[in-house]
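Engineer: So the number in the numbering used here is just where the residue sits in the sequence shown, counting from 1, plus 1.
A portion of the hints provided could be inaccurate.
As the list claims (entries may be wrong) - Straight-line distance between alpha carbons at most 30 Å, and here's what the computed DSSO-like set of lysine-lysine pairs gives:
(1) K196 x K257
(2) K197 x K172
(3) K196 x K222
(4) K187 x K128
(5) K52 x K105
(6) K197 x K255
(7) K197 x K50
(8) K231 x K187
(9) K197 x K256
(10) K222 x K255
(11) K52 x K255
(12) K172 x K235
(13) K128 x K211
(14) K231 x K128
(15) K222 x K256
(16) K52 x K256
(17) K128 x K105
(18) K52 x K128
(19) K197 x K187
(20) K196 x K172
(21) K172 x K231
(22) K257 x K197
(23) K187 x K235
(24) K128 x K50
(25) K211 x K105
(26) K50 x K256
If you are wondering where the hints come from, they were derived from the structure by calculation, not from laboratory data.
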Amino acid sequence: MTGVIDVGGGLRGIYGAGVFDYCLDHGIEFDYCIGVSAGSANIASFLGKQKGRNYRFYMEYAFRRQYMSLHNLIHTGSYIDMDYVYGELSNLNGENPLNYEAIKNSHSQMKVVALNAVSGGSTYFDKNDMAQDSYHILKASSSIPVVCRPYSVDGIPYYDGGIADPVPIRKAFGDGCDRVAVILTKPRDTVRVQKKDAPFARLLRRRYPKAAENLLLRYRKYNEGVALAKDYAKRGKALIIAPDDCCGMSTLTKKKSCIDQMYRKGYADARALPAFLHRTDTISA
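Let the hints inform the model, and build the full structure from the sequences given.
Structural biologist: Here's what the structure looks like:
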């Protein structure tokens with residue numbers, strides 16, 4: 002079973018959008034797709050066979066005040082308005098509807114990672130947890146702590162999947178994959194550090210202590226996930242697709258030239274996929 006992981010990364014997620022648009026152009030499919038944060042939105046459009054859809058979100062809609070802004074943060078407590086992104090824009094009567102029917106009818110499994118803000122446990126939603134115009138699991142997976150309020154699904158508050166399982170390669174192989182493409186949005190040798198997460202964890206600790214604990218461990222989980230992906234890659238069981246640099250982008254960098262450059266890098270780097278998916282020379286564990 003072939004799989005693909007998209008780790009997301011805010012607006013750097015445009016890199017993954019480029020990878021998936023290459024796949025759509027060249028008829029590449031996967032049996033198993035698992036997305037984290039913005040990566041879950043990329044996968045949804047990919048399974049919906051909507052080439053270019055995510056490019057418009059990153060390059061056009063993200064610059065609207067309704068999408069992400071300090072105005073949103075001040076008035077709603079969330080910098081990104083998830084209901085605007087995955088509701089007003091994405092619903093059947095929205096400006097750029099998600100092709101839910103194609104997702105539902107796809108042969109591919111779809112998993113979406115989120116963090117249970119109360120228990121601190123990782124949750125892996127699947128496409129059966131979605132319905133037409135009900136994309137709550139995508140909202141939950143993309144709710145960055147402190148920057149956004151947690152998003153509730155069935156009464157349970159969730160935060161960004163990148164805190165729960167930032168590189169879910171163990172999950173992909175555990176679910177039966179024998180070959181996995183891993184889309185990163187930072188150079189493959191990037192080592193995360195705890196320092197950047199510590200101030201946000203302090204703010205989060207009072208209300209969601211378990212989520213704060215996970216945020217402090219994110220750097221370790223990410224580094225371990227990438228290390229495991231590299232190990233699988235040595236055995237021919239994984240392909241790491243990652244930019245050689247971030248084009249000056251961080252999670253919420255709103256600079257169109259950088260966003261477009263990251264998209265083009267993703268599209269170009271995806272050319273490694275056909276050879277990987279047709280390899281037969283893997284090494285057993």
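Engineer: Hint by hint, note whether the structure agrees.
Structural biologist: Against the structure, the hints come out as follows:
1. Note on K196 and K257: the hinted pairing holds, with a Cα-Cα distance of about 28 Å set against a maximum of 30 Å.
2. The hinted pair formed by K197 and K172 meets the criterion: a straight-line CA distance of about 26 Å does not exceed 30 Å.
3. Note on K196 and K222: the hinted pairing holds, with a Cα-Cα distance of about 14 Å set against a maximum of 30 Å.
4. Only pairs whose Cα atoms come within 30 Å are accepted, and K187 paired with K128 is accepted, the gap being roughly 27 Å.
5. A distance of roughly 17 Å separates the Cα atoms of K52 and K105; the hinted pair therefore holds under the 30 Å criterion.
6. Of the supplied pair hints, the one linking K197 and K255 holds, its CA atoms being roughly 20 Å apart against a limit of 30 Å.
7. Of the pairs offered as hints, the one joining K197 and K50 is violated, with about 36 Å between alpha carbons and a cut-off of 30 Å exceeded.
8. Only pairs whose Cα atoms come within 30 Å are accepted, and K231 paired with K187 is accepted, the gap being roughly 14 Å.
9. For the given pair, K197 sits about 22 Å from K256 by alpha-carbon distance, which is consistent with the 30 Å threshold.
10. Of the pairs offered as hints, the one joining K222 and K255 holds, with about 27 Å between alpha carbons and a cut-off of 30 Å not exceeded.
11. For a cut-off of 30 Å, the pair hint linking K52 to K255 stands: about 22 Å separates their Cα positions.
12. A distance of roughly 19 Å separates the Cα atoms of K172 and K235; the hinted pair therefore holds under the 30 Å criterion.
13. The suggested pairing of K128 with K211 holds, with an alpha-carbon distance near 26 Å, which does not exceed 30 Å.
14. The suggested pairing of K231 with K128 holds, with an alpha-carbon distance near 28 Å, which does not exceed 30 Å.
15. Distance restraint check for K222 and K256: the Cα-Cα separation of roughly 29 Å lies within the 30 Å cut-off, and the hinted pair is therefore satisfied.
16. Proposed proximity of K52 and K256 is supported: the alpha carbons are some 22 Å apart, at most 30 Å.
17. At roughly 7 Å between alpha-carbon atoms, K128 and K105 fall within 30 Å of each other, so this suggested pair holds.
18. Between K52 and K128 the alpha-carbon distance is near 20 Å, which keeps this suggested pair within the 30 Å criterion.
19. With a CA separation close to 16 Å, the supplied pair K197 and K187 stays within the 30 Å bound.
20. As the CA atoms of K196 and K172 are separated by approximately 27 Å, the hinted pair is consistent with the 30 Å bound.
21. About 15 Å separates the Cα atoms of K172 and K231, which keeps this hinted pair within 30 Å; it holds.
22. A hinted pair counts as satisfied when its Cα atoms are at most 30 Å apart, and K257 with K197 qualifies at roughly 25 Å.
23. Of the supplied pair hints, the one linking K187 and K235 holds, its CA atoms being roughly 20 Å apart against a limit of 30 Å.
24. Distance restraint check for K128 and K50: the Cα-Cα separation of roughly 15 Å lies within the 30 Å cut-off, and the hinted pair is therefore satisfied.
25. Restraint check for K211 and K105: not satisfied, since their Cα atoms lie roughly 33 Å apart, outside the 30 Å limit.
26. Under the criterion of a C-alpha separation no larger than 30 Å, the hint pairing K50 with K256 is consistent with the structure, at around 27 Å.
Going down the numbered hints, you'll see the structure goes against 7, 25, while the others check out.
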